[in-house]
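**Student:** Knowing the structure of chain A, use the given hints to seat chain B on it.
Protein chains: 2
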Amino acid sequence: MKSIANIPDNGKKRLIIVGGGFAGLKLALKLRKSNFQVVLIDKHNYHQFQPLFYQVATSGLEPSAISFPLRKVFQKQKDIHFRIATVEYVDTKQKTIYTDLGLLAYDYLVLAMGGNTNFFGNESIEKHAIPMKSLTEAINLRNTILENFEEALNEVDQQKQESLLNIVIVGGGPTGVELAGALAEMKKYILPKDYPELDFSRMHIHLLEAGEKILNGYSEASSVKAKEYLERLDVKVQLNALVKNYDGKEVELGDGSSISTDSLIWAAGIKANNIEGFPEEVIGRGGRMIVDEYNHLKNHEDIYVIGDMAIMATKDAPKGHPQVAQVAIQQANMLGKNLLRLESGKPMQAFKYKDKGSLATVGRNLAVADLPGFSFQGFFAWILWLFVHLIAILGVKNRVLVFVNWAWSYFTYDQSLRLLINPKKKKRALPQKTI
Amino acid sequence: MKSIANIPDNGKKRLIIVGGGFAGLKLALKLRKSNFQVVLIDKHNYHQFQPLFYQVATSGLEPSAISFPLRKVFQKQKDIHFRIATVEYVDTKQKTIYTDLGLLAYDYLVLAMGGNTNFFGNESIEKHAIPMKSLTEAINLRNTILENFEEALNEVDQQKQESLLNIVIVGGGPTGVELAGALAEMKKYILPKDYPELDFSRMHIHLLEAGEKILNGYSEASSVKAKEYLERLDVKVQLNALVKNYDGKEVELGDGSSISTDSLIWAAGIKANNIEGFPEEVIGRGGRMIVDEYNHLKNHEDIYVIGDMAIMATKDAPKGHPQVAQVAIQQANMLGKNLLRLESGKPMQAFKYKDKGSLATVGRNLAVADLPGFSFQGFFAWILWLFVHLIAILGVKNRVLVFVNWAWSYFTYDQSLRLLINPKKKKRALPQKTI
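Chains as they are written, first to last, in our numbering: chain A, -10 to 424; chain B, -10 to 424.
Treat the hints with care, since some could be wrong.
As the list claims (entries may be wrong) - Listed below are several chain B residues computed to face chain A (Cβ distance under 10 angstroms; list not exhaustive):
hint, residue
1, ALA(-6)
2, ALA54
3, ILE69
4, HIS70
5, PHE71
6, GLU139
7, TYR184
8, LEU187
9, LYS386
10, LEU408
To be verified - A short list of chain A residues far from chain B (calculated; beta carbon distances all over 12 angstroms):
hint, residue
11, ASN205
12, GLY245
13, TRP374
Because the hints were derived from the structure by calculation, they are not lab data.
Every residue, glycine too, gets a C-beta built ideally from N, C-alpha and C.
Here chain A stands alone, though its shape is the one from the complex:
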């Protein structure tokens, strides 16, 4: 098999980073001025800003506003290489990765491939539910919801119409909560204007959480307030609700009850992306790869794993850190520093997670914030949420565009991105001519 073309062997140590998410991108940025030959590989040519996927799904933002072309990171640098490819396999003995573009040997390998939706082995749910772990899936979710409303217009059967209007979200973590809130606001402010022919009092938004509270891991106050905010927006929140089955029309719950809906959104679990070529002993809980406090993969001297894909047991976090952007960014930062130290022969430093807090927004003026030491809810939490996310978005222009969109929506109570571009083509029977 051929090597990936046009990446020169020039005596420099080659460091391959797989994945351009928060972890991989941050690391690539850190190493721009290193002496490594850096090769960044991703399935897409853009970085995705996951925390705002739910706004893409609810027509609040365009995909481009929260994506960043990965090539821009390395503009004008000739010996740093980005390739769109899928990595299938790592030959750890030959120190070579196998991709759909060919082979590539490495001196150091960093795996930062993140995670994907976990359906916990339930095939009926996997087949019919809508996930939201990539930009493409977020657009697909938007299209599905809009298509269902269009379909509802053409439905005369009342029950089928209600099923098209209803939306069920599974998972009471920040993604589920933020999505439920945004959909509830869409129902309140926009849909009745766009579809005056439909009766939206018959549309119900359900948030189902298997545990005893939503926003598990947040402070008690935030968890309680978030539920209160959602209910204020008319979201039906059900705790201790276990989804057993979903056939595309009917959600069956553990207590024997059921809900009719054409749209079940699954935000209830994450599993690490996997890659072939590693023994079972390095794989931990949730498919995550076991690393030490330098993000060194267990028993593999020249391989590092960072972000959602890694699990590092420390004193502070004996079961590993949460799979959130903050951990990914901090690990990438530390690994970047450590690799530069490695180059200059200095010893590495151990990773230590600084929890900067957690935020979640439910709707306009409604958010919860847990900062180290104190927590608060309401308008100021919402302002903090806006500010933190705006700063975190990569690229000044994206920040401007997101800001314009947010300001627009806030003052007009409207979004204008309700476009079905490249929708799934539903095949309808062609009409029969009667003459």
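**Tutor:** Chain B alone, transformed into the frame defined by chain A:
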């Protein structure tokens, strides 16, 4: 066959408009306060601003910035109905349209379905060339070009690499000219930064025109200047160049020469969209439907055709008007007035086209303008072009977004929309494991 659901028969005269382009949308807006029951039907749920497709194709603008949700036109109005559907057939005797959603009877029918790319029956070109007559096609064009650059990185064969880099545009009308100019600027300012591994002196942009000049129908000065501007931007303009064949790799010209390219963009012709159910006698040149000066379809009292789909022979335009937005908008405007006059029993007024002039832009500070009575080229023509297009875009927010994007590109010499979202999936062979 069933009727389209949930559109009431309530004694009002039903007027169906097929198509939400410049003509259909303008007419719908005009009739918002009429006593007709208006039904608007389109294949998409958005209006497309065609004049800026080329900027979507060259990563300058997002699709959403130049689209407008058709539902917003009728917000809060209960007896005006928009449906996403494809109209297959008109039964003119029963006064009924046949769609993939069902039947619908009309009192008046307005056809405003516009045009599509005309390949003039050349199947090899139709199969391999890239058209740009819809937003989806514009995005597809963007993706194809970006994917070819990515592919070029992985190509070791010099000739194949050049073929991936080269772009040939066929058709020297405003679309071809504007696209060639935008691609030339992309090559000059952006691509060398994004792909420092590639040598862009080996990339060539060709504009092929079958006639004796580009911008046919414009003033001689504008036509000559536009060619000069394009050549200044290093576009190879060939006049009297007839494309005979294209197999996806090699363009064969009438003079026996050929050009290697993986990207042939076809902007050389338009044909009217057609609909079944009409006799041949009402179909004119280019598939356009023959109308009188009230946009009345020949021999059909209750059917009107407006915009690109119609052909109206008048004293000023014995061969019909040009298929441009201005004609569509003015015809819709006049028909709107005439339908309101019809409601109140007044006689209709004949359509008279006011040519407001023609504009075309080649690049930054470079445009040509033909106004009634005088023509000018250069910076002020460019400013006029920007201004006219900004005003013409529907929706204040879209205008703001387009303006931000333009200002950004102008000052930074950069675009940031180079994202391959939902690209065509090229299937590559999976690697063989050697161990």
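**Student:** For every hint, state whether the structure bears it out.
**Tutor:** Structure-based check of each hint:
no., hint, in the structure
1, ALA(-6), "holds, 5 angstroms"
2, ALA54, "holds, 8 angstroms"
3, ILE69, "holds, 9 angstroms"
4, HIS70, "holds, 7 angstroms"
5, PHE71, "holds, 9 angstroms"
6, GLU139, "holds, 5 angstroms"
7, TYR184, "holds, 7 angstroms"
8, LEU187, "holds, 9 angstroms"
9, LYS386, "holds, 5 angstroms"
10, LEU408, "holds, 4 angstroms"
11, ASN205, "holds, 32 angstroms"
12, GLY245, "holds, 34 angstroms"
13, TRP374, "holds, 23 angstroms"
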